[in-house]
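Enquirer: Listed below are the residues making up each chain.
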Amino acid sequence: MSTRLATGGRLIDRSKPLSFTFDGRSLGGFAGDTLAAALLANDQMLIGRSFKYHRPRGILASGVEEPNALVGLGQGPRFEPDQRTTTTELFAGAATVSQNAWPNLDLDIGALNNLAYRFLPAGFYYKTFMFPRFAWKHLFEPVVRLSAGIGRVPKDRDADRYEQAYDFTDVLVVGGGVAGLAAALAAAKGGQRVLVLEQTAHWGGRAPVDGIAINGMPADAWVAETVASLAALPNVTLRRRTMAAGVYDHGYVVAQEAVADHLPGADLPRHRLWRIRAGRIIAATGAIERPLAFAGNDIPGVMLASAARDYVVNWAVSPGDRTVIVTNNDDAYRTALALHDAGLVVPAILDARAKAAGELPALARARGIRVLEGRGIARVKGGKRVKAVEVCAQAGEGAVLETIACDCVAMSGGFSPVVHLYSQPGGKLVWDAANGMFTPDPARAPTGADGKPFVTCAGAASGALQAADALADAHAAGGGEAAQAPRAEAAAEAPMQPVWMMPQGAPAKLRFKMWLDFQNDVKVSDVQLAAREGYESVEHTKRYTTLGMASDQGKMSNINGLAILSDALGQPIPATGTTTFRPPYAPISFGAIAAEARGEIFQPLRRTPMHDWHAAAGAHWEPVGLWRRPYCYPRGGESHSQAVNREVTNTRQNLGLLDASTLGKILVKGPDAGRFLDMLYTGVMSSLPVGKCRYGLMCSENGFLIDDGVVVRLADDAWLCHTTSGGADRIHAHMEDWLQCEWWDWQVYTANLTEQFAQVAVVGPNARKLLERLGGIDVSKEALPFMAFTEGTLAGIPARIFRISFSGELSYEVAIPASHGLAFWKACLAAGADLGLMPYGTEALHVMRAEKGFIMIGDETDGTVIPQDLGLGWAISKKMPDYLGKRAQERSHMTNPERWKLVGLETLDGSVLPDGVLAPAPGANPNGQRATQGRVTSTYFSPTLGCGIAMGLVRRGPERIGEVLEFVAAGKSIPARICDQVFYDKSGEKQNV
Amino acid sequence: MRRYSVFAVAREALRFHAGWGRAWAAPEPKRKYDVIVVGAGGHGLATAYYLGRNFGIRNVAVLEKGWLGGGNTGRNTTIIRSNYLQDPSAAIYEKARSLFETLSQELNYNVMFSPRGLLMLAQTEHEARGYKRTVHANALQGVQTEYIDAARVKALVPIINIEGPRYPVLGALYQARGGTARHDAVAWAYARACSDMGMDIIQNCEVTGVRSAGGKVQGVDTSRGSIDCDKLAIVVAGNSSVLAEMAGFRLPIESLALQALVSEPIKPAIDVVVMANTVHGYMSQSDKGELVIGGGTDGFNNYTQRGSWHHVEETVRALVETFPIISRLKMMRSWGGIVDMTGDRSPILSATPLGNCFVNCGWGTGGFKSIPGSGWAMAELIAKGAPGPLAAEFGLNRFREGRFIDESVAAGVAH
Ligand SMILES: Cc1cc2nc3c(=O)[nH]c(=O)nc-3n(C[C@H](O)[C@H](O)[C@H](O)COP(=O)(O)OP(=O)(O)OC[C@H]3O[C@@H](n4cnc5c(N)ncnc54)[C@H](O)[C@@H]3O)c2cc1C
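Protein chains in written order, with the numbering used here: chain A, 1 to 993; chain B, 1001 to 1415.
Only chain A is shown next, with the shape it has when bound in the complex (with noise of 0.2 Å):
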């Protein structure tokens, strides 16, 4: 069974225990313990079950690699599935479940897959389940789906928050082990800003766990002393808990701190996006060790030798009574000597090698612990947990040798260096044969604009192993010199001997029950089975056999698995090459990702000055780009059509107001202004004499129409240009990028005022009456005509008033200053209570300028459409050489006469036509389809002529004038005649009055 030890553990505190519950059961721990080691003091060594075949898993792994030890942590809106024991800090009252078993861990139904392994090998399903061909969908993908998956779905809305931090630095060191701190200080001294991060709650890495001096004190003191020395330093930061996820061009690094993942329910973000631009990264990321690929070796007891070395050192944790140590090397012997000096039973050291002569092995035999040389196992007996092993020699075929009883096998293939953070940015590896693994090429490390390598390995994980040659390493890396290196002391190792499976001859049978990829239930003879499919790649492997694909994305099984095919294609293992290396390193919250960005902050809100006012009326919001606008105003009950009827109605016959600040409004200056502006808008703005407003069209280079607004003369040299409220970033973003990459030698300067400013539009037959009572500004109609500007004081307020008109009706916008928008607009509420003065909201807006027929970017335009589709052919200058888009709307099929027009369109029975229904036309397209002959693009209830209206595009429309469509609506015919677009006053009288 697996145990807390009387003593020892250095990452505990036995005078603070603590407890928490695994699937119910009431368990203890200390302060200091990973969920995993809490759970192994308490043998529980049996957490979840695998994905296909729901076999028993236990704990593999001690840190961030475990493919195994997943559960359900917390509770309600605290839940979280797929959570790593290994790396979550224990805290008090932590709820904890296991995942992939029902009805419970011990009894599985799911379990059954498992005995059916040897018809469920790799992609079996991509060869059956096809007749009946429903099935599918009905009966065989919902089996799948739920019997894989794992965790389970939370289910209530998170209750934590998030948070998101940048932070820019010289040297970015991710690894807080021994390497990455002596990288950190020497490149502080060097005088450069460096941040060290490292992933859990201590620094040192391994080093303190292996026994190793450095300067001639023990690693904890070493790493003490350091930690305290670059904490002194100015110009060094430390991070804790910090993990590096991705590393993105150009040097952007981006880092997840758990801040408050071990103190749930403290008034604290529980986890920090890091977004750190560095000049340059070490990455001291360390090696992880390789499981050995035999028969059982997923049995619960099965773990990592560096684990098991972990749980007895770091947490006082025995892994087991009895354990087997299976390696290829001499850093398991390490295992072996920790095991047995906290007085564990080591029955046997089972060394693959023909010969394990250094000095590690010495040691052990010293210990009187026994070490069978060129010997494997050949399977692991148990079920749940492991009982014995069957020792068999590695050269041979698995004839079994002895039988050890054993409730722990510590196994080690050997070590991978972690190099995701340099390959994610591409970074290319070179293969280490000797040591059976991928090191970084520094040839081909990840460069930046400057040509030069930005990631660089420090350490074990640049290929180092050896403590001594990693301290030098990355005290280099951190531009030390070497004399001023720090000197390791451990044991030398003998050369390790890789071993892709155990035995080497491994019949079929136990083949099929070796282990890859633990989670995903890969297994050897899987991977066998796609090579002689064909899906040779290491790509196609991984994708058919789904190796590397689980949660460790293939921390423990990618080496392992590509060694096993190039074996089985008869390649050299560089020739079959990696797979890629993706962020994130680790999984990361989403949380995390979208840290802030929830609910009403989800996007910035943009107000403009009178939000508030607008909310305090009951105002019913449309979101509008980031903008909220209101939609109407109802009142008393009313419902939102009624609200609108009643806006419009008011507006018609009195007065209505209108906020519209969220309008674009762009400045555009400059000697070269004109020039620009007669190549942006379809009409000449050059000639706009100064105090007059132009109504203007602006094309894509492609032709279509993209926005449409005012145009108003300020002064010579001045220009301001109304946009769509939607439109006025990208419009602004759109002027820019022509200044920017075409005309960048034209003298103009633009700048969007939208926000500097709020407009407010006073519409309808008291509009004068309005402003005048105002005062300040004469708004006669010979001082101010339809489409002219002045400005001047209105209210007391310095104020510009167009008098343009978007209703047809009289009408001045009226723009001030945005931080007087509010007191503007109840000057306007107060003066105008007793002339029907009522606020309007886009609804209304939006009936009134379909009652006059005027269009609206976004319905009448989708992007296929020009300006001559709409009859704004005025508004296109004859005489312009050019603007954007003209040579577009000179092609053959912009010029087709066939073209679909815009006309009105008013139903025979007075009712609505419904929002983008078509207009059959006889016959059927060569591919089938109804063929068509218009569809409505507006289409409202006009409460000022008590009927349906509506605008539409139809082939030929305008010389059809009088004609009836019909139009399908869900299988039903409404028949509508097409008439001119506009509704209401064609000959403009109100509005110039």
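Keep in mind that the hints were calculated from the coordinates and are not lab data. Treat the numbers as computed from the prediction; the structure is a model and nothing was measured. Worth double-checking, as some hints may not be accurate.
Using 27 Å as the maximum straight-line C-alpha spacing, the simulated DSSO-like pairs for lysine-lysine come out as follows [stated by the list, open to error]:
1) A:K513 <-> B:K1288
2) B:K1267 <-> A:K384
3) A:K155 <-> B:K1267
4) B:K1288 <-> A:K137
5) A:K886 <-> A:K669
6) A:K879 <-> A:K669
7) B:K1267 <-> A:K137
8) B:K1095 <-> A:K972
9) A:K137 <-> B:K1095
10) B:K1288 <-> A:K384
11) B:K1154 <-> A:K137
Once you have looked at the hints, place chain B with the ligand on chain A.
Expert: Relative to chain A, chain B with the ligand alone:
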């Protein structure tokens, strides 16, 4: 070809699956083929398959610079739908969707087509009107879609937040027979069927030059030597401009990085595909249990197959807001592909200025779903030398004439 079936699997189980042969052969290139298809993505392989199936042209090679299916075909989020607005798009995507319905049976390879239903959320009045328009258009095009209200959206997707304070869900465009399929399997299934017809699929064979004489294509130079052909089809997605340059013409294509990502696997959480175009993100769940998530392209051209981080953030923000329960799940992996974007966001299936050289590209962010239909139409174009009705509107000359088929109209994000 050894037929796949549950019985075959059972028989093999008894002998530890030692009897399975290669799914597709690994031949050496011949000196000459009737047709060479460059690019063993879904579109290239489907083109070859329908050349054989529909036109009996079997002396065909598909040349692939890496591993087959390794381009965007093996990187996409597998959304299948045909609820397009414009007639030519609806025609080819619906053809593809309907071929997907029986593809597993036809190719004897389970491509896991899962018509689980697809929703495009309407989160502004404007979007709602746009989707209603699409529904009316689809009805006339023979594509079954409907506009549903927010309550039905909630019933179909219980984990959705329809009351988001910023962009409440107003309704959705629903295609009940839209869904997903297993992307790799689509490539593998076509490859196996092509190989079975005697076609040569040649991997690790990069085309480095196009040879021509008298304005007609003669063959290609490759990393495995020169190969002659009567007709050449360039079907290389993000690399189209590069190949076109070899063939001596230019394409109106920009290559951009598009990213996708997955969560750690969880039990079934969402049974349909949801696209939220206003906030820029979409999500479905794979059969393995991962939430499959995607969003928009990078804003600048590149060929790196990596994207920039802030797009991941934008997408995840959108989905955490739309599906609040995913906040405590984790992103497990992200990746990128290079998508080939045209000005009107519609594909190009066309003859080219070089005689007997044809191009199929421009599927951009949304061409997985079209693979069978595109292959069908492209095979016809190559075999007859002139497009059939499915491809007719997608010729290169549309850019010269201004005859755009603009789909960006209907959706901000198109997948
Ligand atoms: C992240 C992402 C998500 C997507 N999501 C969806 C989705 O949900 N639904 C959807 O319908 N579509 C989606 N797409 C788009 C879809 O993936 C593509 O449109 C489609 O796969 C394109 O297929 P293809 O065969 O044209 O290209 P590819 O699959 O890219 O194939 C082109 C092939 O050409 C090869 N090649 C290139 N140059 C040469 C050369 N010189 N010589 C030989 N071979 C060469 C490449 O190696 C590659 O294998 C997505 C794309 C991405 C990147």
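Enquirer: All hints are to be evaluated individually against the structure, with a verdict given for each.
Expert: Here is what the structure says about each hint:
| no. | hint | result |
| --- | --- | --- |
| 1 | A:K513 <-> B:K1288 | holds, 22 Å |
| 2 | B:K1267 <-> A:K384 | holds, 24 Å |
| 3 | A:K155 <-> B:K1267 | holds, 12 Å |
| 4 | B:K1288 <-> A:K137 | holds, 15 Å |
| 5 | A:K886 <-> A:K669 | holds, 24 Å |
| 6 | A:K879 <-> A:K669 | holds, 24 Å |
| 7 | B:K1267 <-> A:K137 | holds, 17 Å |
| 8 | B:K1095 <-> A:K972 | holds, 26 Å |
| 9 | A:K137 <-> B:K1095 | holds, 20 Å |
| 10 | B:K1288 <-> A:K384 | holds, 25 Å |
| 11 | B:K1154 <-> A:K137 | holds, 21 Å |
Hint compliance for this structure: no hint is broken.
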